[in-house]
Amino acid sequence: MRLRERTEDDRVRHDQDAPDDGSSDANLRQMRLAGQSLLTAGADAIQKALSGDSESFLAATRQQGGQ
Amino acid sequence: MAERLMGIETEYAVSAMYPWGSSLDQNELVNRLLALARGRLVHLPDIASGLFLGNGARFYLDYGNHPELTTPECTNPWDVVRYILAGERILAGLAQELASEAGAEVMVFKANVDYGSRWVTWGCHESYMHRAPPYALSDQIIPHLATRIIYTGAGGFNSQSNGLEFTLSPRVPHLANVVSNNSTSDRGIFHTKDESLTKPGFHRLHIICGESLCSETAMWLKVATTALVVAMAEAGLSPGLAVGLHSPLQAMQSIASDPSCSALVETIGGRRLSAIEIQYHYLSLAENHLGDSRMPPWADEVCRQWREMLNRLLDAPESAAATLDWGIKRALYASYANSRGVAWDSLPHWTRVIAGVRQVLDQTEDYDRALTADFILNKWNAPKPAMERLTEFLEAKGLNWDALDLVFKVRQELLEIDTRFGQLGGSGVFAGLDRAGVLAHHVSGVEAIEEATTDPPAAGRARIRGEVTKRLAGRNGRYQCDWQGIFDMKTKRLLDLSEPFEAVERWLEFDQAVASVPPAFGALLARLDPDPGRRF
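The listed protein sequences derive, respectively, from chains A and B.
The numbers in the numbering used here rise by one with no breaks, and the one at position 19 of the first sequence is 19.
Here the numbering used here = 1-based position in the second sequence + 1000.
Derived from the structure by calculation, the hints contain no laboratory data.
Using N, Cα and C, we set each Cβ at its ideal position, and we do this for glycine too.
The reader is advised that the hints may include incorrect statements.
As the list claims (entries may be wrong) - With beta-carbon atoms standing in for the labels, derived distance ranges:
| hint | chain 1 | residue 1 | chain 2 | residue 2 | range |
| --- | --- | --- | --- | --- | --- |
| 1 | B | 1516 | A | 34 | 56 to 62 Å |
| 2 | A | 47 | B | 1262 | 29 to 35 Å |
| 3 | B | 1291 | A | 47 | 48 to 54 Å |
| 4 | B | 1396 | A | 47 | 50 to 56 Å |
| 5 | A | 24 | B | 1396 | 37 to 43 Å |
| 6 | B | 1039 | A | 24 | 57 to 63 Å |
What the hints assert, rightly or not - Examples of chain A residues lying across from chain B (beta carbon under 10 Å, computed):
| hint | residue |
| --- | --- |
| 7 | 23 |
| 8 | 55 |
| 9 | 56 |
Isolated chain A (complex conformation) (with noise of 0.2 Å):
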């Protein structure tokens, strides 16, 4: 068991998946772009989410220790 021991699948796969034709850079764009879309709706998530204080929220919703 090593770290690149991979099944048959996976490196065919893999194989399938090497740029050729330029997709890959398309799929670099798409990741981008997906990646830039998670931290828009991530920060509009969190502006709405923030009490706009943060120390009282966290003092006013102190919990006990659980199991």
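Position chain B relative to chain A; hints supplied.
The following block gives chain B in isolation, referenced to the frame of chain A:
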């Protein structure tokens, strides 16, 4: 192919705040929540103060005033995730109704630690039914538990740190032992509790080192892979033998603080392996035994998705940024800190400086002071050599004390964001991201959540418990429920559910019950006994 049973218990954090800023008393809050549940949910009371619901789940208050939901016993990981989500829908509905009733904002958080109290954590426990000798499991499963956090970690911050230390698994700093029988302190990676809640012949592996999660993929993988490891251990395949860890606790700490998933940990045999390599080891063994009689019928699909996740983490751990809890959090929190003017990469340096200040302060008469920028920079008569050393360190990192106030503010904000990440009811950060369609965490086959709020799983004793609960609910306490049975207090009969795969509704007369049920029923039977004083 072997049937297996598994389930999850989740403790939630709950708080209520009035519009004028004060909080509702915690005892009052959880008791009102429970009372509302009694009035609104189809249920039978359990033998304590909790409820067994019509979907076979249990809702109750647990240690530390945490409302807790336990899924019904499920035969596959899809159902486990489905019933976790159904339970949360039920809880969110109750919180919303209580909010209207109380005129307060009632917040339920799916979180694992309290950032206001450094030693406070609460649980998401897993149960796996098995037939192996319990003592034989620990060595086989500990390497899995220590390394699975690369995909099961909830992500967040070390709640014991005065700075900001991102961790794949905030539960890890709260684990003090490798093996332990405690669940409220001195917790272990491996928990020795073995309360089967069935008739003799079965055991229940109770895992308490895991965390509550938001990502369906993470929840599913956690349960699915662990169930396979338990199945392999039960089959005598010794899955952990080749990857036994030299220092499991330190290994888990090291893995938790490494988002690159490449940290190497030492095995008993002296090899240095990454968490991914150890996970590949378990996976390969499972793949080689897919057809074995002890493996569940869904093992093939689990292995496929397990391998896909490990390959992703090996190739680019950051590709988990839309799928796994810790990956999503890390991407978001880094972006947020950077946008606020505190470089994410500078946080380890600030953490070191803040720890240094704390260490110096602890040796002075101001040891009990809270750390604020104003105190440290303006009010504290700090020992000069110590401050000079810290200043030198900061300057070497291109930082200076002027940013300290902002660092503390951003710290508080990130801790609030992390608490609100898994807030139930649609207002949490994760829910917002999911609505925006930017996540890739759903698991195909986890569906019909609304039905799961009322209907039990299709197989196992939970099906009978749920169906009977629905039929007998609301009879003024005539019936009481337990994991192993339902008791008719009037006729002194018992519906025996001690067989985990029970498929038939089988009521026993009192004397039959006395003769046939497991000792765990003793206390209950004593309460029903028409001949008080008999011992069971």
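- request: Kindly indicate which numbered hints from before are broken by the structure, ordering the numbers from low to high.
  value: 4 and 7
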